[in-house]
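Asks: Build out the structure end to end from the sequences listed, making use of the hints.
In case you want the letters, here they are:
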Amino acid sequence: MVALIEYGAGNIFSVKNALDYLGIENKLTADADEIRNADAIILPGVGAFGAAMNMLEKSGLIPVIKEQAKIKPFLGICLGMQVLFERGYEFGEFEGLGLIPGKVDLITDPGLIVPHMGWNKLEIEQESPILDGVTDSDYVYFVHSYKAFCDKKNLIAYSEYGSVVPAMVTDGKYVFGAQFHPEKSGETGLKILSNFTKLIKEA
Amino acid sequence: MLAKRIIPCLDVRDGKVVKGVNFEGIKEVGDPVACAEEYNKQGADEIVFYDITASYEGRGVFLDVVRETAKKVFVPLTVGGGIKTVDDIRETLRAGADKVSVNSQAVKNPQLIKDGADIFGSQCICVGIDAKKIGDGKWTVYINGGRVDMKLDLIEWVKKVQELGAGEICLNSIDADGTKEGFDIEMLKAVCDACTIPVIASGGAGKINDFYEVFEKTNATAALAASLFHFKELTVGEVKEYCKGKNVLVR
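Respectively, the protein sequence lines represent chains H and B.
Taking our numbering, the leading residue of the first sequence gets 41, the next gets one more, and so forth.
Taking our numbering, the leading residue of the second sequence gets 296, the next gets one more, and so forth.
Think about it this way: if two alpha-carbon atoms lie no more than 25 Å apart in a straight line, the pair counts; the simulated DMTMM-like pairs of lysine to aspartate or glutamate are:
id : chain 1 : residue 1 : chain 2 : residue 2
1  : B       : K454      : H       : D149
2  : B       : K541      : H       : E200
3  : H       : K161      : B       : E332
4  : B       : K428      : B       : E481
5  : H       : K98       : B       : D413
6  : B       : K409      : B       : D448
7  : B       : K541      : H       : E163
8  : H       : K143      : B       : D413
9  : B       : K367      : H       : D172
10 : H       : K112      : H       : E135
11 : B       : K502      : B       : E481
12 : H       : K238      : H       : D71
13 : H       : K161      : B       : E536
14 : B       : K512      : H       : E200
Everything labelled a hint here was simulated from the structure, so no lab data went into it.
Replies: See below:
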């Protein structure tokens with residue numbers, strides 16, 4: 041069972057719809073025990089970094105997230121990916137979950153339309169089972185105004201928008217993050233979600 | 296780089312697509328869920344549902360359509376029509392929409408844009424604008440489906456909308472709409488120059504080259520059409536192939 045963490049931030053239903061469509065057992069939950077008993081965890085989220093961290097704080101789930109992300113497949117989507125980093129600079133400076141080294145800051149390349157909204161190509165930086173069957177230059181759907189700044193070793197795939205936009209990141213173990221929305225990225229996105237849940241068996 | 300988006304729009308009344316579509320293989324004529332699936336297959340980058348239902352019951356049926364579509368189609372869904380309050384936005388997003396499009400109500404109550412963006416994020420607030428030319432480089436904003444002139448300067452409104460936190464603008468030209476003579480290039484250029492958020496071109500598409508022209512001559516990031524796709528004059532796939540052939544980046 042995949043636990044979809046429900047903490048009040050964003051469109052959790054589209055992630056659920058995609059998992060249902062793929063026939064993957066899943067549950068929306070804010071319960072620490074259910075999260076501990078799950079085989080894998082997805083952290084969705086749209087909105088602002090600070091607001092999301094506040095909601096996570098209020099939910100009391102931060103300790104369980106940090107503990108479980110070390111022992112089972114964990115995927116952060118969009119803002120749920122951004123909060124995996126140590127720090128975010130959206131409307132102030134906020135501490136993130138610190139599961140992957142790096143920070144999140146505004147896209148500031150001159151002359152760019154922001155938000156970065158639409159379909160962009162995935163450029164694969166390193167091989168990863170989460171991208172099984174996904175080829176260089178497959179398109180995925182992005183909507184965001186802030187992006188991650190992290191080490192190459194944490195980067196699985198990126199897109200070009202003015203400069204490099206980290207698209208998929210990892211801690212090298214169980215934690216993955218997608219800046220784009222796999223649940224809204226057609227066949228490619230569904231493949232990535234399906235690959236993620238296949239990691240369960242190997243875990 | 297970011298691909299230009301081709302967006303088909305479906306007008307829905309009482310749970311049925313208004314214009315008489317009849318895609319091959321679809322049994323029930325005008326079933327919006329089946330139409331959305333067909334557009335998805337054709338390669339639509341997003342799908343827009345526009346509710347033109349007047350009644351409360353119709354609204355429920357409409358949200359069921361959104362709910363059903365969101366279970367089957369995994370590209371972004373934008374939903375417009377009849378959204379007046381923050382609660383309407385919440386209800387629409389909960390039904391499975393990724394973005395809401397607000398138009399008349401945003402003009403009447405601009406705070407709706409700010410409240411929506413603050414609570415749900417700018418990325419899901421698209422502001423629809425209907426505008427008409429009144430003079431050289433001058434346009435005014437209309438509401439209620441292009442029936443009421445608000446005497447509001449288009450460029451001023453565009454700047455205000457961005458400042459309030461809109462994530463995107465869908466710009467419909469009343470002059471071009473229905474003419475099939477191409478998008479309103481002059482107005483789109485003026486609006487793209489006045490803001491830094493994405494602008495969707497709407498109104499006037501009649502031939503395949505109109506899509507190339509709008510991307511070639513303006514900074515619009517997407518182009519929307521309804522009847523052209525409804526009546527199968529063109530498919531989304533044909534438009535994208537054509538643009539690709541002319542070196543416009545599409546998915």
